[in-house]
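Chain C is fixed; fit chain H onto it per the hints.
Those sequence lines, one after another, are chains C and H. Note that the numbering used here has the first sequence beginning at 1, numbered continuously upward. Note that the numbering used here has the second sequence beginning at 532, numbered continuously upward.
In case anyone wonders, no lab produced these hints; they're calculated from the structure. Note that beta-carbon positions come from the ideal geometry of N, C-alpha and C, so glycine has one too. Heads up, a few of these hints could be off.
[To be verified] Derived coverage of chain H by chain C (criterion: at least 3 residues anywhere in the stretch with Cβ under 8 Å from a Cβ of chain C; other residues may be distant):
1. 688-695
2. 720-726
[What the hints assert, rightly or not] Here are some of the chain H residues that sit facing chain C, going by a computed Cβ distance under 10 Å:
3. C698
4. E708
5. H709
6. P712
7. N713
8. T715
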Amino acid sequence: MSLLNIRDLSLSIAGVEILHNVSVDMQPGEIVAITGESGSGKSLTALAAMALLPRGAVAKGQIFLDKVDILATSELELCAIRGRKIGMVFQEPMTALNPVKTIGSQVAETILIHERISKTEANKRAADMLRRVGLEVSPLRYPHELSGGQRQRVVIAMAIVLRPKLLIADEPTTALDVTTQARILELLKDLVVSFDMGLLIITHDLAVVAEIADKIVVMQNGQIVETAKTEVLLYNMKHPYTRALFNASTHRVVMPDVITSGTLLSVDSVVRTYSLPRNGILGSRPNFNALDNVSFNISHGERVGLVGESGCGKSTLTRAILGVEDVQSGWIKLDGEPVFSGKRPNIDVRRKMQVVFQDPYSSFNPRHRVDRLIAEPLHVLENAPVGKLKDLAILKALDDVGLMASDAKKFIHEFSGGQRQRIAIARALIIEPELIIFDEAVSALDVSVRAQVLDLIAELCHKRPLAYLFISHDLSVVRTVTDRVMIMRAGKIVEHGETEKVFTNPQNAYTKTLIAAAPRLPEITYAIEPV
Amino acid sequence: MSRGLAIGTFLTLVFVGLACLSFLWIPYDIETLEISNKLKTPNAQNWLGTDHFGRDIFSMIMMGARTSIAVALLAVGIGIIIGVPLGLFSAARQGSFLDELTMRGNDLIFAFPSLVIAILITAVFGASAVNAIIAIGIFNIPVFARLTRAAALPLWERDFVMSARVCGKSDARISIEHILPNITNLMIVQGTIQFSLGILAEASLSYIGLGAQPPTASWGRMLADAQTLVSIAPHTALVPGLTILLTVLGLNLMGDGLRDLFDPRIRVGRA
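Isolated chain H (complex conformation):
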């Protein structure tokens, strides 16, 4: 295992662990405001200090991890559940009208700046975690559809697929039995990377107030709240900022590491 993969997996596990732990225990309730205790720097009681309402930042990071991970995970889920079958279908019917339609539809979605459209969607349908999930998820669909199609096309040329066709198997069955298992690696890697992008997108939407609404904790909004306080209490901005940075870094390192691990050509090169 490469060092990047080890560090990435460790960072990812830390934040996933924090999110899971928040269901059982958090140091302080984040819905109780204690204004007298506001803007404390990190100390023995509040490990990462408190914000302008006197809430414990560490507890908020834990609760925010929950939101971030849930939003990103569901958004990736939408992308995979809709995108992968679309890609498989396009590859099976390569060159057909429906393939063209699917792929040009993808191009259309790709052509829009994803965050701007996500803002549009949440602005029109209201700011909430669910709408954020849908908005981010829509942009994951073409990513997975295109990747699936690109990975499936060369597999369709392989002899084992030809042999399955000679056996009279339908295209749908070949896609599920022969194509899908051979592209899973790729999907895991892309899923990891899209997951990190999802966390970034969720943070961005929350930052402008279009993500999860208060009192639900969110890293992006913590950052937004801290914006005016940077000069007097820099830790209120630094902590959520670094959290986002480390999570995304961890996921990207893990994605890269997994790709190297799965790609036999790179593996041989290193041996």
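Next comes chain C alone, as it looks inside the complex:
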């Protein structure tokens, strides 16, 4: 007998059909993963299973949970089902918890809603459950006192405290660091076995899918394109989209050989400390070392990666290199010139360095057109092109990143995330800088788009020598586009060396954990050879 059975579910919002005939069947104790790119309808399918549909959505078809048709059930009865029979874990552990309530009371609340037991007893059960999910802190702590991984454990505890038969997890590890992700996935697997739950996991990360799921459902544009047992699907993909998806996530690019000449960027024993709030009114102000004696060089034409987990000081380092923030001691020089020059920007430095940011949605002024956006850096040039020449420069930059001349007059909201990242690269390239900083530049993109952007970076490197610092938490991406890599932890560079050497033979203990924790796709074979 199946635990969850979605039959021919079609869903339309405001007359537009978004899900088309989706059917998913899962057994008790089974882990089913729904995967696909953004906009494929995977989250909506999960929400439908809880009958939590957006306002104005009309669903057709049937969803049976334990023989009850969810879509034909009244809201009042659904409230009794949610939390008791189905638990849900959301992506963002930072916002999924109420900041003004202790974690213990938040878990106890779920129990009190569904069961008539005393508060003391509920608190006791909540504390037990928090221990069960591997949280070793007091239930009287508040969410802000916990790390991201710990918060996600609290969210999981809330979802499973009533021993639901089905746990739905929507991108449960996407916001977490790789080492934390590995532990949370382990916990989820363990819980499924010991509680005999079904786990429906929604994720875009195919490596996670391959590692955890018994069955994989691949969605595209609101349709299921392929459903199969994991071991069957990985070695025998039938649908071309599934293959394209797996190909893209293991995408490797071919980089030209590196030709280096002379030092371009030199970072010399840089220290950056922030002072934290006082311990009490008369207490001392503790310092936090965001950058602790960091030194490295980047040569002309060299492609360097920087890897580290959140809070390791990557962003502080980026800001320091970009010269938008000063450091307490040490020097950062670009071609011999200090990058930080007080309130007056040093034009000589500005001319040689550009940046591409992570979030394609906040990187652009929404009120300017594309031509103005990508022409912005031009003003640092001594004799900046004007009129016709400026238009030509804009066209060339657009052409370099594979966009059309007609795109110049559009506003940024008319572009997709991948196109925006191309525009960001066009903006960085227009003054032909010596150094580009890619700050998590592909982390927010879907795998297929990410593959295209990586291809673009490789293509640009073939055209002309380009030095860049590629900052990312994603090891596989860094591995393919860099020659040298630095591993950062707690403000220190703990290991650096040639990328391949570091990845195949890491020396530092932390590097080893990091590489081991990153989920990997197994070697994949194809039913039909990919074209």
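Just chain H, lined up with the frame of chain C:
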């Protein structure tokens, strides 16, 4: 467009229209007193009746609209022209001594009850429309300065501003090119609301005789003149009172409606 916005815009346009029309034509000259025709109730000749000097109330409302709108508009102008640059500057230099100075200066102005100080200013420098404009305008400065700063601060954290800094643009240039266009919506909404408050403030000052001086028509003074006549000729008080009410209501509805229209979060929620 929401119903509130439609009603608000309509009411606002009516009064702005009346003020504009008064430059070309008014039913009767308001500087000619015709005592024999005093305190007439609304009729075919005098649509809204006449006051205690026999002046046509409708004509006075039209001329008063001119005064109210001019005073409020200029006062809002003072607030925007001084307040917005101050706010932009404070946001660009967040945490600096000058930022603190500007913002604490704002707090100081906020700490005083605005109308009391406006009375003080007009009492010291003399009662006139110009002094009323300055007095009301001063209190608009911190409103716009604080709003601009608050709206600009999160924009300074955005990547496109960072990217402009990496391009070597100065803070002033970033403020004008990147920050200002992204806060214009907010300024329009706040401007509308401050405009309505300005009309109220002008009416209040005129009511106590510290606004525009006779013979310039003013809604506030019409109300003051009618005060003793309420029992015998209620329309003399009702007409200017309702006019002020409807104008302020219209502007507030328009401000709220514009805010909803500009705020994408609310717009999505309604769709």
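Each hint, compared with the structure:
1. 688-695: Held - the segment 688-695 of chain H has 6 residues with a Cβ nearer than 8 Å to chain C, which meets the minimum of three.
2. 720-726: violated (count 0)
3. C698: 4 Å, holds
4. E708: Where the cut-off is 10 Å and the nearest Cβ of chain C is about 8 Å from E708/H, the hint holds.
5. H709: Hint on H709/H: holds, closest Cβ of chain C at ~5 Å, below 10 Å.
6. P712: 4 Å, holds
7. N713: 6 Å, holds
8. T715: Check passed: Cβ of T715/H comes within 8 Å of chain C, closer than 10 Å.
Violated hints amount to a single one, hint 2; each of the other numbered hints is respected by the structure.
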